[in-house]
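Q: Below are the chains, spelled out letter by letter.
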Amino acid sequence: MADGATPVLDVRGLKTVFRTRGGEVHAVNSVSFHLNPGELLGVVGESGSGKSVTMMSLIGLLPSPPADVRAGTVMLGGRDLLKMSADDLRDVRGAKVGFVFQDPMTSLNPVFTVGNQIMEPLIRHMGLNKKQAQIRAAELLALVGIPDAAARLKSYPHQFSGGMRQRVMIAIALACDPDVLIADEPTTALDVTIQAQILELVKDLRQKLGMAIVWITHDLGVIAGIADRVMVMYGGQVVEQAPVRELFANPQHPYTRALLKTIPSLTGEREARLQVIEGQPPILSGAPTACPFRARCAYAFARCEVENPERRAIDGRAVGQGHDVACHWTAEVAHA
Amino acid sequence: MLDASPKPIPPLVQVRGLKMYFPIYTGLLRRHTGDVKAVDGVSFDIMPGETLGLVGESGCGKSTVGRALLRLYEITGGNVVINGTDIATLGPEALRKARPQMQMVFQDPQASLNPRMTLADIIGEPLDEHTDWNSDRKLARVYELMDAVGLNRRFANRFPHEFSGGQRQRIGIARALALNPRFIVCDEPIAALDVSIQAQVVNLLEDLQDKLGLTYLFISHDLSMVRHIADRVAVMYLGRIAELSPRDALYARPLHPYAEALLSAVPEPDPTLARARQRIILQGDVPSPANPPKGCNFCTRCPKAFDLCRRVKPELAEVEPGRFVACHLFSDTAAAGSTGASEAKERNQQGVTQ
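Protein chains in written order, with UniProt numbering: chain A, 1 to 336; chain B, 1 to 354.
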C-alpha cells in the first residue's frame, strides 16, 4: 500500500497493565502501529511478548480487573475505541473487527450448531432475519472452502476436524465483512499440511475481499510467506518494524537477528550447532526503565541498563512508515 | 564404542512389525466392535549413538510408537529388541530390571513433573526405585545430573512451578539420565517451548549425546528441527512408515508423495523463497485410524494415486541404498533389483542401514 493512505486502524501509545498480587505487570508498553487498507501486518514474538494482549486490549476483550488499559488511542473509522462505551464496543467487535483465535476447539461453542454460530453476528450486526442469515451463512462456509456447505450448517463443532473448525472461525470473523481481521496464532494448533491449506485460503480471501489483516504468530516462516509488513515484539514493546523483505534481508535489532538465526532451515546449509539466545524472557514487573532485551543481548552496553530505547527510523522515513528499530546499539555503535 | 572389527555393529534397537491397536467397545454390553489401529506394522532399526527422527502429523501414531517401544503400553503385536532383549515379551520383574537402560523425555514439562516434589526428589526418584544407594550418594548423583543439564545446584530444593518451560524440560532430561540409559525416547521435547528456548534444549540434547554416547528416538512434528538433530528420518502416516531415509537424502529429494507434500508444506523463513516456491497443498484431512482406507493408507489424499493404490497395501521396501519407501510408484524399482521376491521383501522390511 502506498504511504499516505489513511490507515484503517491506527494505534498510538497503547499501555496495558495487569494488577496482580505480586504487583503490576506491564504487559504492553507504549505500543504504536497502524494498518493500511488491504495490508497484512505480521506480529512476531515469543509467548509473553505482549502480542496477544496488545490486540485484545484494543478491542476491549481483556477482563478488567485485572487488566487496565492505561493510555493510548485506538482509531478505527474515525472513532477512538478506548473511549467507547461497552455497548458501542460490542457493535464494533464482529461488525468492524473480526477475530480468529488460536484454538478452534475452545473458541467455538460445542452445544450450538456451526450454522447457528455463523448466523449470530449476521443477525446481531447486519439486521438480517433468520432465513437471510441462513443463506449468507451457507455462502460464507462455501467461501472458506467447506464442501456441501448448506448441509454442514446443521453440524456441531465436534463433527469437524481441526482445520475445518478453523475455517468455520474464519467464516464467523468474516461474516459482517469487517474492515480489520485480527488473527491470533490461527494456525499454531494445526498440522503443517492443514496450516498450508489455511494459509492458501487466507491468501485467496485477501484477493477476493481485500480486508486488512493483523496476523499474530511466533513462526517466522509463516510471516515470510504471507505478510506485507512485520512488527517484532519483545517484552511488551515493539522492537523492530519493517516491510517483510527488508526485515528478513536486513534485520537490525539484536533480538530479530538472533531469532532469525535460531530457527533451523529446511533448505540450505545445515548448521552443526544451533545458535541460541541465552537466558529467559524478561519478567515485566514495574514500568520499564531499561531495554527489555539487555540481559540476553550480546551487544548490550551501559546505556541499555539505564534508558529504554525509543523506536527510531533507520531509512530516514517516519517511524512506522519504513524500517524502524528500538535499540541503542543499532543507533550508536552499528551505524557510528 | 566398539573397536573397528570386521563384523558390523548390531543395532541397539530393533523394531519388527510393531502393532498397537486400541480396542473400541460399543453398546450396552461393551462389545469389542473394532480397533483404532494407531500403529499398524512398523519396522525400523536404530544404531548405537544414532538419532532417528520420527515425524508425522498429529494422530499418525508417532507418540504411540515411542511409548510402545518402552512398553508403556501392552503392545498388540511385533517385537521390540533393545540391546538384545525382546522388551515386548518380558515378564513384569524382568521388564523392571530392563527399564534403566531405556528412558523417556516427555512433551509437556508441566504435566510430567509432580508439582509437590522438589527438584532433587524428582531427579532422584529413579535412583530410589532402581538402586540401593544411601542418601549422600544419591544427592551427589543428583548434583552431577543438574550440572550436566545446566541447572544451578542451589535449585535442588525448589518446586517445578518455580521454573520456566525450558528449565522444566532440563529437569525432565536430568531425570531421564539418572540411571545412565543407553536409549532415550524424546517425545516432542521442544513442542511446548518458545523458539529461542527450543535451540537451547536441542543443543543440550546433542551435547549429552556426544558426551554419553546416547541413542535417541526423536519424535517431532517440526521438520526443520528434525533435519538439524536426526541422522535418519522416518516419516509416518496413519500408523505406518511411509518413508525411512538418511536425513540429507530425504530433505534433498523426498521419494514418498506424502513425505514430499509434508516437506513442501513447511513454511520457509525467507520471503523471496517462500513466495517463489510451488507448494503441494494436500486436500482434505487424515482419515480415521479406526477405519483406514483400503489399499495404501495415503491413497485418499495422494496426488499421484492410481488404481493399484486403492486395492493393494504397499510394503516398505528398499528402493535405493538405505532408503525405504512404502509406495507402489517405486515397487518396480524394488522388484527389479532383487531375486526371490518374497525373501528379498522380508529382508527389505528390516530397515537396516549400514
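The hints are simulated quantities; they were obtained by calculation from the structure and are not laboratory data.
Positions of the beta carbon are idealized from the N, C-alpha and C atoms, including for glycine.
The reader is advised that the hints may include incorrect statements.
Unchecked claim - Per the computed footprint, the stretches of chain A lying under chain B, defined by three or more beta-carbons under 8 Å from a beta-carbon of chain B, are:
1. 51-60
2. 278-289
3. 297-304
Claimed, not checked - Output of the computed footprint for chain B on chain A, the stretches with three or more beta carbons under 8 Å from beta carbons of chain B:
4. 215-222
5. 242-250
Q: What are the numbers of the hints that this structure violates, sorted from low to high?
A: 1, 3
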